[in-house]
Amino acid sequence: MLVTDRDCRTGGARFAVPTFGEIEGKLLVCEVVATSCLRQLLAHSGGFAVPVIKRRVRRLLEARCHDEKLCEDDTEAAVEYAFQLVDAAAEAAGKKNAVSPATEGCETIRRLRAMHAPSRKRP
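Here the sequence shown stands for residues 7 to 129, where the numbers follow the numbering used here.
In case anyone wonders, no lab produced these hints; they're calculated from the structure. Since the structure is predicted, the reported quantities are computational estimates derived from the model, not experimental observations. One thing to keep in mind: the hints can contain errors.
Said to hold, decoys possible - Each pair of labels, with its calculated beta carbon distance range:
1) E28 with F54: 32 to 40 Å
2) E86 with L34: 22 to 30 Å
3) A83 with A40: 18 to 26 Å
4) V38 with C77: 30 to 38 Å
5) F26 with R61: 31 to 39 Å
6) E82 with V58: 17 to 25 Å
7) G27 with R61: 32 to 40 Å
8) K75 with I29: 19 to 27 Å
Using N, Cα and C, we set each Cβ at its ideal position, and we do this for glycine too.
Could you build all of it, start to finish, from the sequences and the hints given here?
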């Protein structure tokens, strides 16, 4: 995993550039935490959580992209990608009716769906 105290480490762990495995591990943890949190949120909020989340994501991404001086096309692409992730996470969390039918299926979305496929055993 990616660590923040690299200077105190010995060997390869002290190098500033993380390995692909460290990055992939961190992304995997983020996906699991986000999906778990969304599942909990959807379980206690009825069907209103996804639209609220999408509005907040759009507002935050637009502000962040503006601060980074990204063009409107890049901002809209970031928002669309975020919406795909929210839809996939909502689907993985069990709220299939909250998912937009326009969700394409990028690699992360396929991984989220595979994480919670009915054929997998859950502990």
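| task | Quick one: which hint numbers does this structure break? Sort them smallest to largest. | result | The structure conflicts with no hint, since it agrees with every one listed earlier.
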